[in-house]
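Enquirer: The residues making up each chain are set out below.
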Amino acid sequence: MQLDSGVWGTVFPELRAVSGPAETRPVVGFRVSRIHFIGARRSLALTGIGPRTYFWEPGRNVATCSGPIGAFGKPPHEAPAAGCGCGLYACHDIAELHLAWMVQGARYIAKMQWDSRFSTPYDQFVLTGVAGSGTVRIHQRGWRAQFARIVAFSDEIPERASIGFFGRAKAGGHRVVSEPTVQALVEKYRVPVVPLTELPNVLRSAGDFVQGTS
Amino acid sequence: MNLGREIRTVRIVEEPETAPQPVEEPAWPEPSKEPVRE
Numbered sequence: 001m002q003l004d005s006g007v008w009g010t011v012f013p014e015l016r017a018v019s020g021p022a023e024t025r026p027v028v029g030f031r032v033s034r035i036h037f038i039g040a041r042r043s044l045a046l047t048g049i050g051p052r053t054y055f056w057e058p059g060r061n062v063a064t065c066s067g068p069i070g071a072f073g074k075p076p077h078e079a080p081a082a083g084c085g086c087g088l089y090a091c092h093d094i095a096e097l098h099l100a101w102m103v104q105g106a107r108y109i110a111k112m113q114w115d116s117r118f119s120t121p122y123d124q125f126v127l128t129g130v131a132g133s134g135t136v137r138i139h140q141r142g143w144r145a146q147f148a149r150i151v152a153f154s155d156e157i158p159e160r161a162s163i164g165f166f167g168r169a170k171a172g173g174h175r176v177v178s179e180p181t182v183q184a185l186v187e188k189y190r191v192p193v194v195p196l197t198e199l200p201n202v203l204r205s206a207g208d209f210v211q212g213t214s
Numbered sequence: 215m216n217l218g219r220e221i222r223t224v225r226i227v228e229e230p231e232t233a234p235q236p237v238e239e240p241a242w243p244e245p246s247k248e249p250v251r252e
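Going down the list, the protein sequences come from chains A and B.
Quick note on my numbering: the first sequence kicks off at 1 and runs consecutively.
Quick note on my numbering: the second sequence kicks off at 215 and runs consecutively.
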């Protein structure tokens, strides 16, 4: 059913934005990816931090909602939907990663660290620059996209002064991703792994940061 | 992840040249074109 944005736009603001002309430059942002080495061949895989997340593949990734399955096994709606948490996530700014992941990330990692079946060395996280397109829902601290691809990685994790998610990372560009992991990332995703200070510039070559959300 | 309040929605149709496609590797090695010598 097609809703008239002129009539329903005051109730559903997203109708007005989506009904306008489409942009061509993707939005870019940052996320923290969790590194897995799976199976006997130690194949590299990247996911988000939370328990409900995607496996990020090279090239374009497509968001699907993992909510209650609808008729004929279909997802309940196309992602990202209004009022739902679905979509491929990124933050506008590196500093906002701390705030955005503070609750979910800290709780999840604390749980994992208590579970002796899994170890969580720092090498298992990598700062990732991504570009989103399709339907993109812009939030205060980041965005949720229908499509997203990895543009670049950083071999450094940003400094965090207090004890927390990144509490053990040292100041001054402490290198937290090992060389074998860097090589595995490049081999699979075919994107550059750059110092932290260069990551924003690499992302600007692939798209635009969202402005004016604070 | 808490992204805060939703502000707006945009539609982005990425141009093909800015959206590199992944390099697909064959699942197994290509068969040799050379005739088999017995």
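Treat the hints as calculated values from the structure; they're not laboratory data.
Predicted model, so just to flag it, every value in this text is computed and none were measured.
Any given hint might turn out to be false.
[What the hints assert, rightly or not] Away from chain B, derived, C-beta distances all over 10 Å, residues of chain A: (1) Val136; (2) Gly142; (3) Pro195.
[Unchecked claim] Computed spacing ranges between beta-carbons, pair by pair: (4) A:Glu57 with B:Gly218: 21 to 29 Å; (5) B:Asn216 with A:Ala45: 34 to 42 Å; (6) B:Val227 with A:Gln183: 29 to 37 Å; (7) A:Pro195 with B:Asn216: 34 to 42 Å; (8) A:Val186 with B:Arg219: 33 to 41 Å; (9) A:Leu44 with B:Arg219: 33 to 41 Å; (10) A:Arg204 with B:Arg219: 37 to 45 Å; (11) B:Arg222 with A:Gly50: 19 to 27 Å; (12) B:Arg219 with A:Gly59: 29 to 37 Å; (13) A:Ala40 with B:Arg219: 28 to 36 Å; (14) B:Ile221 with A:Leu44: 28 to 36 Å; (15) A:Thr47 with B:Asn216: 14 to 22 Å.
Idealized CB from N, CA, C, for every residue including glycine.
Enquirer: Can you list which hints this structure breaks, lowest number first?
Expert: 1, 2, 5, 7, 10 and 13
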